[in-house]
Amino acid sequence: MSRKTDIVVIGGGVIGASITYYLSKRGKKVILVEKKDFAFGSSGACDQMIFLQTKNPGIHLELAIESKKMYKNLEKELNHPIEFQTIGGMVLIETEDQMRVMKEFVKRQKETGLNVEILDIKDGTKIQEGLSPDLVGTTYSPDDAHVNSLELIKGYIKKAVTFGAEVLVNTEVIGIRTKNGKVKGVETTKGTIGCEVLVNAAGSWAPVIGEMIGLDLPIRPRRGQIILTEEVPPYIKHDIISANYITAKYSLDRSFDNDVLGKLGVGLAISQNHRGNIFIGATREFAGYNTETTREGIRRILKHAGKLIPGIVNFNIIRTFAGLRPYTPDGLPIIGYVDEVEGFFIAAGHEGDGICLSPVTGKIVSELIIDGKTFIDAKLLNLNRFRHLT
Amino acid sequence: MGEEIIKKSQVVVIGAGPAGLCAAIEARKAGATVLVLDENDRPGGQLFKQIHKFFGSGKHWAGLRGFRIGENLLKEAGQLGVKILLNAEVYGIFDDMTVGYIRNGVEKAIKGERIIIATGGIENALPFPGGTLPGVMGAGGVQTMVNIHRVLPGKKILMVGSGNVGVIVSYQLMQAGAEVVGIVEAAGRVRAYEVHLNKIKRAGVPIYTSHVVKEAIGKDEVEGAIIARVDDNLNIIEGSEKHLDVDCLCIAVGLNPQIELPYIAGCKFSYIPERGGYIPVFDENMETSVKGIYVAGDVAGIEEASIAMEEGRLAGIACAGSLGLYDKETEEKLKKEVKKILRAMRTKHDSRIIHSLTGIPSNDRFEKGPVAVIECKEEIPCNPCESACVFGAIKVGEPITNPPVLFEEKCTGCGRCIPKCPGMAIFLIHKNYTDKTSLIKFPYEYLPVPEKGGLVSCVNRNGEIISRGRIIDIKASKKDDGTKIIAMEIPKEYFNDVRGIQIRGDGI
Amino acid sequence: MRVNYHPILGKDERKKLVKIVVDGREMMAVKGEPIAAALLANGIRKLRKTRKKGEYRGVFCGIGRCTDCAMIVDEIPNIRTCITPVKEGMQIITQEGLGKWERK
Amino acid sequence: MSHEKNVCICRCEEVTEGEILRAIEEGARTVKGIKIRTQATMGLCQGRTCRRLIVNILSKHVDINDISKLEIGIRVPVRTIKIKNFIYDEGKGYE
Numbered sequence: 002m003s004r005k006t007d008i009v010v011i012g013g014g015v016i017g018a019s020i021t022y023y024l025s026k027r028g029k030k031v032i033l034v035e036k037k038d039f040a041f042g043s044s045g046a047c048d049q050m051i052f053l054q055t056k057n058p059g060i061h062l063e064l065a066i067e068s069k070k071m072y073k074n075l076e077k078e079l080n081h082p083i084e085f086q087t088i089g090g091m092v093l094i095e096t097e098d099q100m101r102v103m104k105e106f107v108k109r110q111k112e113t114g115l116n117v118e119i120l121d122i123k124d125g126t127k128i129q130e131g132l133s134p135d136l137v138g139t140t141y142s143p144d145d146a147h148v149n150s151l152e153l154i155k156g157y158i159k160k161a162v163t164f165g166a167e168v169l170v171n172t173e174v175i176g177i178r179t180k181n182g183k184v185k186g187v188e189t190t191k192g193t194i195g196c197e198v199l200v201n202a203a204g205s206w207a208p209v210i211g212e213m214i215g216l217d218l219p220i221r222p223r224r225g226q227i228i229l230t231e232e233v234p235p236y237i238k239h240d241i242i243s244a245n246y247i248t249a250k251y252s253l254d255r256s257f258d259n260d261v262l263g264k265l266g267v268g269l270a271i272s273q274n275h276r277g278n279i280f281i282g283a284t285r286e287f288a289g290y291n292t293e294t295t296r297e298g299i300r301r302i303l304k305h306a307g308k309l310i311p312g313i314v315n316f317n318i319i320r321t322f323a324g325l326r327p328y329t330p331d332g333l334p335i336i337g338y339v340d341e342v343e344g345f346f347i348a349a350g351h352e353g354d355g356i357c358l359s360p361v362t363g364k365i366v367s368e369l370i371i372d373g374k375t376f377i378d379a380k381l382l383n384l385n386r387f388r389h390l391t
Numbered sequence: 037m038g039e040e041i042i043k044k045s046q047v048v049v050i051g052a053g054p055a056g057l058c059a060a061i062e063a064r065k066a067g068a069t070v071l072v073l074d075e076n077d078r079p080g081g082q083l084f085k086q087i088h089k090f091f092g093s094g095k096h097w098a099g100l101r102g103f104r105i106g107e108n109l110l111k112e113a114g115q116l117g118v119k120i121l122l123n124a125e126v127y128g129i130f131d132d133m134t135v136g137y138i139r140n141g142v143e144k145a146i147k148g149e150r151i152i153i154a155t156g157g158i159e160n161a162l163p164f165p166g167g168t169l170p171g172v173m174g175a176g177g178v179q180t181m182v183n184i185h186r187v188l189p190g191k192k193i194l195m196v197g198s199g200n201v202g203v204i205v206s207y208q209l210m211q212a213g214a215e216v217v218g219i220v221e222a223a224g225r226v227r228a229y230e231v232h233l234n235k236i237k238r239a240g241v242p243i244y245t246s247h248v249v250k251e252a253i254g255k256d257e258v259e260g261a262i263i264a265r266v267d268d269n270l271n272i273i274e275g276s277e278k279h280l281d282v283d284c285l286c287i288a289v290g291l292n293p294q295i296e297l298p299y300i301a302g303c304k305f306s307y308i309p310e311r312g313g314y315i316p317v318f319d320e321n322m323e324t325s326v327k328g329i330y331v332a333g334d335v336a337g338i339e340e341a342s343i344a345m346e347e348g349r350l351a352g353i354a355c356a357g358s359l360g361l362y363d364k365e366t367e368e369k370l371k372k373e374v375k376k377i378l379r380a381m382r383t384k385h386d387s388r389i390i391h392s393l394t395g396i397p398s399n400d401r402f403e404k405g406p407v408a409v410i411e412c413k414e415e416i417p418c419n420p421c422e423s424a425c426v427f428g429a430i431k432v433g434e435p436i437t438n439p440p441v442l443f444e445e446k447c448t449g450c451g452r453c454i455p456k457c458p459g460m461a462i463f464l465i466h467k468n469y470t471d472k473t474s475l476i477k478f479p480y481e482y483l484p485v486p487e488k489g490g491l492v493s494c495v496n497r498n499g500e501i502i503s504r505g506r507i508i509d510i511k512a513s514k515k516d517d518g519t520k521i522i523a524m525e526i527p528k529e530y531f532n533d534v535r536g537i538q539i540r541g542d543g544i
Numbered sequence: 024m025r026v027n028y029h030p031i032l033g034k035d036e037r038k039k040l041v042k043i044v045v046d047g048r049e050m051m052a053v054k055g056e057p058i059a060a061a062l063l064a065n066g067i068r069k070l071r072k073t074r075k076k077g078e079y080r081g082v083f084c085g086i087g088r089c090t091d092c093a094m095i096v097d098e099i100p101n102i103r104t105c106i107t108p109v110k111e112g113m114q115i116i117t118q119e120g121l122g123k124w125e126r127k
Numbered sequence: 067m068s069h070e071k072n073v074c075i076c077r078c079e080e081v082t083e084g085e086i087l088r089a090i091e092e093g094a095r096t097v098k099g100i101k102i103r104t105q106a107t108m109g110l111c112q113g114r115t116c117r118r119l120i121v122n123i124l125s126k127h128v129d130i131n132d133i134s135k136l137e138i139g140i141r142v143p144v145r146t147i148k149i150k151n152f153i154y155d156e157g158k159g160y161e
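Chains as they are written, first to last, in the working numbering: chain A, 2 to 391; chain B, 37 to 544; chain C, 24 to 127; chain D, 67 to 161.
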């Protein structure tokens, strides 16, 4: 079949689905193309957290706060249960060195507008049972939340379709049509689709699409192993991460990381979903596109989790899986047109924040494409910020 | 949290069932260090709930009860120094041939130069309305509950599926004192070997072919079942429904290989419905597409346990060979021998060729005196009757799937063959026991055992009562391992119709 | 219904019994047998209620695969009773949905 | 071959054949696609009982010969494991 539309979005994850929703909501004719099926990439293999506390103060945290605001009435807007809960978040602090770094981090977060405080372990255990008494302390922010990423995607798509959007699953993009430097359309396994604008929201696979127009995108898959427990009655009252999750993520001052955890980039991230499964993550490893879990990864994560929250040692593990976070050198996503080919728009590279930043990404992309500007300085997220590097 | 040193073993076998134990024994015979992991608290896998006598070739413990074979395999494995870790639940195989397992509440790992996966098969679930009610159970679970834990899952049981498992478990349920209300089979004919089916028919169990379970009924547990006739493409024929008063449904609609470990180990698969579905691809050495990982037994395709044992031996030998523990031609010789047995067990020209009954004596022979009657005409890989007869009156020959042939002139009527037949298909008939009566000797494995001299109701091949009979003698020798031989006097006109005494109902 | 005499397996020689408490009711079980077998012998087949439709479930696979026999055992939910041996004084509770935490 | 649409296919998550067929209508072509739309295979037994039934249903819509195309989603661990099992250290016993 060969057909025409305003915009083609590539990628059926939370980012592609969100962009399709926000564009079609503003009247654009959008066709979403997904190689396999919804959430087959990292969106289906993540820990569902909307965690503001892990965002670097500055633009990163600003985006997260804006995104969190958008989540508030998203469920009503999409008229679909996305299991969004502002459950609050805690960062567990194991050593005095970590406390020193966290105090600095929390101070700057507050300056950027995040409501967060540091508690001693006694108060920490009051709001979450089962914590290890040897912890030095914990932070707490009522603003952190989580959602069900699968339901989120379904919600976006269902609503987008009511605005006339179309979705093609099991449809792989095999080529990009351009004419004198301008996007003309895209070739897929189900025929060609003509369009003016092509949004590359393929996450860790965005470089594969980029190569089709000779682009070398600085996005690398960074594997995160996650462990899932059986469904248990409510136990994890707030989303929990360990201080070295933040250091592993931003490769900050690694002095207090012991060797083995540092090598695997193990940082604890625990949350319990609506159904009762507890997610226990995660590692941060460069392992290409391999999504297997390793015995080393599983052991390290569980040993670390059991040490910090002994209360969960009797839970059963029923599954382990791994997602590929689209990693960029500065931890920020790449959002914007590229100079090489007019109409080729990138929206990928969210590392571990795809869920948290999915609404705000949809807003920024739709505004940049339709209005040409958005509420933040577009240059901060454009691919060109890496150009002086290459 | 320093680095952990992982133990090593040349061969790691996962699953201590018939295939796993045989593989371990063969690998150990070649001198390999072998560790067997099994998640149960006793090895032997399905063997220990198989209380019936096994088919197979005389040399290989054929005619022994499943759990006896398990005990023998364990003894041999022990003597050879095979290490068996029980209560060891393997949860994963990782890239570097590391097997992760949990034992006594602690996670451990062992690295194998070769891994033999022998995890067997698992029951097919059957979706039908009411199929999740308590009282609907898989046949394997029923067998475990009855034969190992000695608890009946119900008193009046409907068996769903007429494969060997369904028919054998029905027989074992009756042995344990439950009533099997019937066997339902969607196909037009019973799938099990006829010798197994005959045991059920002569116990009077109705067989509903071309029938399915339409619904299990009950408020919170099974209180009854509705079965219905189906046409050729399995659509229910309206109005053919029939209510059965049952309190338990036993599902025996086939097994499928437990492919979880081969799958996560990265093996390639092919889809073979006749062998249960997805099967790891393996070569003539039972090695899968992943170098160093072998499969054996039901995980490599659902077949009889006797075939699983031979596949286990083949994998064990090939594995040892690949470790350089055999020189090439010893390895080839050993493998050739096992492959010959496997081929013999699998030769089925057409699995439904029903030879003329070659085990039935002529009328003149009946007149002359007591003679054996062998009602076994299918191609079954089994020949214990041949080795049981000291007078050479029974011949199976090669391949062992040939039905037995009776040389009536050589048969002296001694009856030694009766308890040896795993299918309980051999009877001894002395037509002219007296001028008006005949004598039949038949195998009997139920309770209560009738009294000597007592009067009983005799049944024909379909379990219908056709006459009265008198118990003349009951023989129960230890080497017959529970199979009693009952000699019964019957009216001469039914000399070749009576096949046993009434089991169900008020007959006795 | 226990099979005390079996034509092939002979008499049931297991003598040692243990007391278990099922939903507050005391009953006897053979030491070491799985919980599900002990309950079945005592005529109990309804082991849990499902979360969505509140339907009763009992032993289905009987060999530890399908988890339909899960109950709360000694305060821990989701215990597969068909492969968990009984112990003296075991507290067994019919599990409703996810079960609930019994505070120690 | 089950005769009614509300027959239970996934026992742990109480997913019926009707829900699975609807997921296929919405575009699911793999076990994972059905899982994402219906939660089938996400329960305690991780699909050990229903995965084969789901593949049977899929076989009417998709070629099921190549297992790698079906994303059947078997993952480590293939048996449920307690977190405590990983926290044992040779020297110190359970932490």
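Since the hints were derived computationally from the structure, they do not count as laboratory data.
Just so we're clear, the structure is a prediction, and the values are computed from it rather than from any experiment.
You may find that some hints are simply not true.
Distance ranges between label pairs, derived from CB positions [as the list claims (entries may be wrong)]: (1) Gly428/B <-> Lys135/D: 36 to 46 Å; (2) Ser125/D <-> Arg497/B: 31 to 41 Å; (3) Pro82/A <-> Glu112/B: 53 to 63 Å; (4) Lys135/D <-> Lys372/B: 53 to 63 Å; (5) Arg48/C <-> Ile510/B: 38 to 48 Å; (6) Val317/B <-> Pro143/A: 48 to 58 Å.
Here are the simulated lysine-lysine pairs, DSS-like style, with alpha carbons at most 27 Å apart [said to hold, decoys possible]: (7) Lys191/A <-> Lys26/A; (8) Lys75/C <-> Lys238/A; (9) Lys26/A <-> Lys70/A; (10) Lys515/B <-> Lys34/C; (11) Lys150/D <-> Lys123/C; (12) Lys144/B <-> Lys308/A; (13) Lys144/B <-> Lys148/D; (14) Lys34/C <-> Lys255/B; (15) Lys30/A <-> Lys5/A; (16) Lys404/B <-> Lys255/B.
C-beta atoms are modelled at their ideal positions from N, C-alpha and C, and glycine is treated no differently.
Results for each hint:
The supplied range of 36 to 46 Å is broken by Gly428/B and Lys135/D, whose beta-carbon atoms lie about 57 Å from each other. Look at Ser125/D against Arg497/B: about 40 Å separates their beta carbons, and that is inside 31 to 41 Å. Distance hint for Pro82/A and Glu112/B: a CB-CB separation of about 60 Å, consistent with the stated range 53 to 63 Å. As the Cβ distance of Lys135/D to Lys372/B is approximately 38 Å, the hint placing it in 53 to 63 Å is violated.
Between Arg48/C and Ile510/B the C-beta distance comes to about 44 Å, which sits within the given range of 38 to 48 Å. Here the CB-CB span from Val317/B to Pro143/A is close to 55 Å, well matched to the stated 48 to 58 Å. Proposed proximity of Lys191/A and Lys26/A is supported: the alpha carbons are some 26 Å apart, at most 27 Å. Restraint check: the Cα-Cα separation between Lys75/C and Lys238/A comes to about 23 Å, which is no more than 27 Å; the hinted pair holds.
Of the pairs offered as hints, the one joining Lys26/A and Lys70/A holds, with about 18 Å between alpha carbons and a cut-off of 27 Å not exceeded. With a C-alpha separation of about 18 Å, the suggested pair Lys515/B and Lys34/C falls inside the 27 Å cut-off, and the hint holds. Between Lys150/D and Lys123/C the CA atoms are separated by roughly 20 Å; this keeps the pair inside 27 Å, and the hint holds. A distance of roughly 19 Å separates the Cα atoms of Lys144/B and Lys308/A; the hinted pair therefore holds under the 27 Å criterion.
Distance restraint check for Lys144/B and Lys148/D: the Cα-Cα separation of roughly 13 Å lies within the 27 Å cut-off, and the hinted pair is therefore satisfied. In summary, the hint linking Lys34/C to Lys255/B is not supported, as the alpha carbons are separated by about 36 Å, beyond the 27 Å threshold. This hinted pair checks out: Lys30/A and Lys5/A have alpha carbons roughly 9 Å apart, not beyond 27 Å. As the CA atoms of Lys404/B and Lys255/B are separated by approximately 62 Å, the hinted pair breaks the 27 Å bound.
Against the hints set out earlier in the document, violations occur for numbers 1, 4, 14, 16.
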